[in-house]
Amino acid sequence: MGVDSGRALSLNPSLRTATLDSIHSIISFLQSKGIHQKDMGRIFGMCPKILTSNIKNDLSPVFQFLSRDLNVPNQNFRRAINKCPRFLVSSVRDQLKPALFYLQRLGFKDLEALAYQDSVLLVSNVENTLIPKLEYLKSLGFSKEDAVGMVLRCPGLFTFSVENNFKPKFGYFVEEMEGKLEELKEFPQYFAFSLEKRIKPRHKEIVESGVKVPLALLLKSTDEEFKEFIRCGSG
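1 is the number of the first residue of the sequence shown in the numbering used here; add one for each residue after it.
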């Protein structure tokens, strides 16, 4: 099936005692939910724990959650699972429902986006991952309302590392770019761009040209658009 057996066994030692019949049952169950044979290698490679799951207690509740809580139609199960195989190794009671409740309380209303686009948020731990990211944004000086508004506009903020992403990028924004919090509130996608490959080079260019560029235009524009803006602005 294309699964790295060594990695799978290291991540799920229980596979050593799993029977072929039990594994075939899981494969058949997933196929009955619309998952294609060609999808299995990637899914099991990412989450080998699925291969020793209990269909009734572990897997069936996930598909019920997708259907009842996220309004995913049966024919779209494959799309949701391929986007986020971790759905299949997440407890509905302890993980998926608490995450959905927390996100909805914050103001996430688009169930379709949570099912097919931002599904990693549903498999993220509320106490250890989601809440600390929000608290960190507040520690930078944003109000709770502003911080919530930022994650609603850019859900990826919940997936970024505080140490490897937020801190170095915020430090550069404040110290080198002399930016204001209001700019980040309006364009939280700033944190989604590479510091070394995008933010620093483009900031250096506008400093050298003496042109003032809004944060969104600075980072979102294509190379051609950016160069044209610099040329027109400095001309």
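Treat the hints as calculated values from the structure; they're not laboratory data.
Note that this is a predicted model, so its numbers are computed, not measured.
A portion of the hints provided could be inaccurate.
Unchecked claim - Think about it this way: if two alpha-carbon atoms lie no more than 35 Å apart in a straight line, the pair counts; the simulated DSBU-like pairs of lysine-lysine are:
{"no.": "1", "residue 1": "LYS133", "residue 2": "LYS109"}
{"no.": "2", "residue 1": "LYS49", "residue 2": "LYS133"}
{"no.": "3", "residue 1": "LYS144", "residue 2": "LYS167"}
{"no.": "4", "residue 1": "LYS83", "residue 2": "LYS220"}
{"no.": "5", "residue 1": "LYS83", "residue 2": "LYS212"}
{"no.": "6", "residue 1": "LYS109", "residue 2": "LYS33"}
{"no.": "7", "residue 1": "LYS200", "residue 2": "LYS180"}
{"no.": "8", "residue 1": "LYS49", "residue 2": "LYS97"}
{"no.": "9", "residue 1": "LYS38", "residue 2": "LYS144"}
{"no.": "10", "residue 1": "LYS169", "residue 2": "LYS200"}
{"no.": "11", "residue 1": "LYS144", "residue 2": "LYS109"}
{"no.": "12", "residue 1": "LYS138", "residue 2": "LYS83"}
{"no.": "13", "residue 1": "LYS200", "residue 2": "LYS220"}
{"no.": "14", "residue 1": "LYS212", "residue 2": "LYS169"}
{"no.": "15", "residue 1": "LYS138", "residue 2": "LYS109"}
{"no.": "16", "residue 1": "LYS227", "residue 2": "LYS200"}
{"no.": "17", "residue 1": "LYS169", "residue 2": "LYS109"}
{"no.": "18", "residue 1": "LYS144", "residue 2": "LYS133"}
{"no.": "19", "residue 1": "LYS212", "residue 2": "LYS185"}
{"no.": "20", "residue 1": "LYS204", "residue 2": "LYS167"}
{"no.": "21", "residue 1": "LYS83", "residue 2": "LYS133"}
{"no.": "22", "residue 1": "LYS212", "residue 2": "LYS197"}
{"no.": "23", "residue 1": "LYS138", "residue 2": "LYS180"}
{"no.": "24", "residue 1": "LYS185", "residue 2": "LYS138"}
{"no.": "25", "residue 1": "LYS109", "residue 2": "LYS56"}
{"no.": "26", "residue 1": "LYS138", "residue 2": "LYS56"}
{"no.": "27", "residue 1": "LYS197", "residue 2": "LYS144"}
{"no.": "28", "residue 1": "LYS204", "residue 2": "LYS109"}
{"no.": "29", "residue 1": "LYS169", "residue 2": "LYS204"}
{"no.": "30", "residue 1": "LYS33", "residue 2": "LYS97"}
{"no.": "31", "residue 1": "LYS83", "residue 2": "LYS38"}
{"no.": "32", "residue 1": "LYS83", "residue 2": "LYS169"}
{"no.": "33", "residue 1": "LYS204", "residue 2": "LYS220"}
{"no.": "34", "residue 1": "LYS167", "residue 2": "LYS49"}
{"no.": "35", "residue 1": "LYS109", "residue 2": "LYS97"}
{"no.": "36", "residue 1": "LYS197", "residue 2": "LYS167"}
{"no.": "37", "residue 1": "LYS33", "residue 2": "LYS138"}
{"no.": "38", "residue 1": "LYS197", "residue 2": "LYS180"}
{"no.": "39", "residue 1": "LYS49", "residue 2": "LYS83"}
**OP:** Sort out whether LYS167 lies within 35 Å of LYS204, counting only the CA atoms.
**Re:** 20 Å, holds
Original post:
Within 35 Å, alpha carbon to alpha carbon, are LYS83 and LYS133?
Top reply: 23 Å, holds
Subject >> Hint consistency between LYS83 and LYS38 [alpha-carbon to alpha-carbon, up to 35 Å] >> reply: Holds, at roughly 14 Å.
Subject >> Pairwise hint evaluation, LYS109 against LYS138, where the allowed Cα distance is 35 Å at most >> reply: Roughly 22 Å separates the two Cα atoms, so the pair holds.
Original post:
Quick one, are LYS197 and LYS144 close enough, alpha carbons at most 35 Å?
Top reply: Cα-Cα ~31 Å, so holds.
Original post:
Is the Cα-Cα distance between LYS204 and LYS220 35 Å or less?
Top reply: Holds, at about 16 Å.
Original post:
Taking 35 Å as the top limit, are the C-alpha atoms of LYS227 and LYS200 close enough?
Top reply: 15 Å, holds
Original post:
Given the hinted pair LYS49 and LYS133, is their alpha-carbon gap at most 35 Å?
Top reply: Holds, because 28 Å separates the two Cα atoms, which is no more than 35 Å.
Original post:
Under the criterion that the straight-line Cα-Cα distance not exceed 35 Å, is the pair LYS33, LYS97 satisfied?
Top reply: 21 Å, holds
Original post:
Straight-line Cα separation of LYS167 and LYS49 no greater than 35 Å?
Top reply: This hinted pair holds, its Cα atoms lying about 34 Å apart.
Original post:
When you check the alpha-carbon spacing of LYS133 and LYS109, does it fall within 35 Å?
Top reply: Status holds; Cα separation ~20 Å.
**OP:** Would you mind confirming whether the straight-line C-alpha gap from LYS197 to LYS180 stays at or under 35 Å?
**Re:** Cα-Cα ~22 Å, so holds.
Hints 5, 9, 26, 28 and 37 from the earlier list are contradicted by this structure; the remaining hints agree with it.
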